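A.B. asks: The chain contents come next:
Number of protein chains: 2
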Amino acid sequence: MCVIGAGLIGGSLMRAADKAGRAVWGTSASEETAAEARAVGFDVDTDTDAALHRAAEADALVVLAVPLPALDGVLRRVAAVAPACRLTDAVSVKVAVADAVARLAPRARFVGGHPMAGTAESGWGAGNGELFADAAWVVAADDGIDLDVWADVAELAWACGSRVVPAASDEHDLAVARVSHLPHLLAAVLAAVGAAGDDDLPLALAASSFADGTRVAGTRPELVLAMCEGNRDALLAAVDDALGRLGAMRGALASTGGLAATVRAGYAGRLRWAAARDPQPVRVRRGTAPAELREIGRRGDAVVGWA
Amino acid sequence: MCVIGAGLIGGSLMRAADKAGRAVWGTSASEETAAEARAVGFDVDTDTDAALHRAAEADALVVLAVPLPALDGVLRRVAAVAPACRLTDAVSVKVAVADAVARLAPRARFVGGHPMAGTAESGWGAGNGELFADAAWVVAADDGIDLDVWADVAELAWACGSRVVPAASDEHDLAVARVSHLPHLLAAVLAAVGAAGDDDLPLALAASSFADGTRVAGTRPELVLAMCEGNRDALLAAVDDALGRLGAMRGALASTGGLAATVRAGYAGRLRWAAARDPQPVRVRRGTAPAELREIGRRGDAVVGWA
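Here the protein sequences line up with chains A and B, keeping their order.
Sequential numbering of the first sequence, starting at 1, is according to the working numbering.
Sequential numbering of the second sequence, starting at 1, is according to the working numbering.
Keep in mind that the hints are not guaranteed to be accurate.
Partial selection, computed: residues in chain B whose CB lies under 10 Å from chain A [said to hold, decoys possible]:
#1 A50
#2 E171
#3 H172
#4 L174
#5 A196
#6 D198
#7 L203
#8 L246
#9 G269
#10 R270
Since the hints were derived computationally from the structure, they do not count as laboratory data.
Because the structure is a prediction, the values reported are computed rather than measured.
Glycine included, each C-beta is placed from N, C-alpha and C at the ideal position.
Looking at chain A on its own, in the form it has when it is part of the complex (with noise of 0.2 Å):
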């Protein structure tokens, strides 16, 4: 198996594969973060071409995780040293990446991926072997996709330790937009209304509704950056809907003071979550159809083997 990035996500997958019995190479584009991989063991350079090359001698399975910036690069020394191998990525939004692929490595046998874990740390110093641990990984379940790369990825992401939940491209774009991207920037919204004005009276009466409601505020701008702004379409879904929410609230305070409608919709929202918590865990057939894939991820359950 070849990682090309050697990074928080790379790093950790590079050590949990290997812990998992598989051989795995890759590269960085950092001379510094390649001999850091090295110097415990890992067989990482900074030559893509070659680690490119030894995976289509080997018809390995080729993982990138590489920024969203990064990628164009990359998947041009893919159509050009390993044309049809086999492809996956680790990035954390899934129609960019594919259209991309189509664009630049349209030959390669690509099944997007994004192991729904990580930390605020990053470089191969902040990765490890459990990262992956209990967590969700999207394996996408595109019609048309070839089915046996499908199974190495979730292999994978089993071997890992994680759970599959498969989703079509953009299905999986428009849920994290919502549950992710979108809990962001209200935390940023939240942040900046609380800390507007010039005395620090409302900081100094903040409680703890507002200590867990900007938490994620405090993440360094440019990671919340980069992962909202490569999600622009399904974020923008996400972003009129609430907008709608709250207008439709603002309209009702304004006018009968009621809050109801607003209050009652998310203690309902919040008691669904609590109780999707739980997916169950479905094993089916190799070969299983996408269409049917998709269902298993709809119910909010995931694949954790092969029947």
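Following the hints, put chain B in place on chain A, whose structure we already have.
C.D. replies: Coordinates of chain B only, in the frame set by chain A:
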């Protein structure tokens, strides 16, 4: 000291004041609650007139610890039985209470208060004498108040382990709208957006940003409604601020795709909140003028005793 209301707040006040060595008596609208309190040695019955009469005789401080909807009825008894008593309250909004006092018990020597403590529970049984320890207790510092009663309320707050944050009633209401009521409404909107749609995929992919951002949406709706609807005017201002920021962000995302202004303002707000968490302890002379007291609260500091 006379406490009207023996629920979570009134019951905790009686326990804390008793522990601090004060003579405390009180009333509850419920015979069952009064019996619960008597069973553990507190002087509580259901005869509000008698309790207020005793307060008038002793020139004792009367604390109103009843829900906002019950306030008018109690104030009519104050006007009838103890019209010029020393009076404070523990309701979470201050302008509405001050207006009701001015209308219904205009001779009372009233200084509003808001101990910023609570739990999701309610009733005598949920109370405890440590509820106010290390909490902020807003004591209204409006022009024209009786400074002797302000001192009474401040000393009660200190006896209960709280620090006193002086604020004008309208400043208090605007501040809690921003940092306490708005967080509940944004959490409700976020929870509703996450749970919108027919399938559970978004909720299955929700991680800690969603969990934290929606935590207070799990509060019982009646509690949230009572809190927020009583602060309508101030809350409208806070909601409009949030809507303006969210709308501007939506425009930037749609036009340039950029979210930097929103995300950086939120990051700065969160850092300012973190820096404001350690209020400077201030001591003032008894009889310090309201305008001077208010400046302490505006700086985010707190009064912890007499100079």
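A.B. asks: Each of the hints needs a verdict: does it hold here or not?
C.D. replies: Each hint tested on the structure:
Restraint check, A50(B) versus chain A: the minimum CB separation of about 36 Å is more than 10 Å; hint violated. Given hint, E171(B) at the interface with chain A, holds; its Cβ is 6 Å from that chain's nearest Cβ, closer than 10 Å. Because the smallest distance between the Cβ of H172(B) and any Cβ of chain A comes to about 8 Å, under 10 Å, the interface hint for this residue holds. Against a cut-off of 10 Å between C-beta atoms, the interface hint on L174(B) holds, since the closest Cβ of chain A lies about 8 Å away.
Nearest Cβ of chain A to the Cβ of A196(B): about 6 Å, under the 10 Å cut. The hint holds. For D198(B), the shortest C-beta to C-beta distance to chain A is roughly 8 Å, which falls under 10 Å, so the interface hint holds. With its C-beta approaching chain A no nearer than about 4 Å, L203(B) sits inside the 10 Å limit, and its interface hint holds. Residue-level restraint check for L246(B) holds (minimum Cβ-Cβ distance to chain A is 5 Å; threshold 10 Å).
The interface hint given for G269(B) is met, as the beta carbon of that residue sits about 3 Å from the closest beta carbon of chain A, less than 10 Å. Here the hint on R270(B) is kept, as its CB sits about 4 Å from the closest CB of chain A, short of 10 Å.
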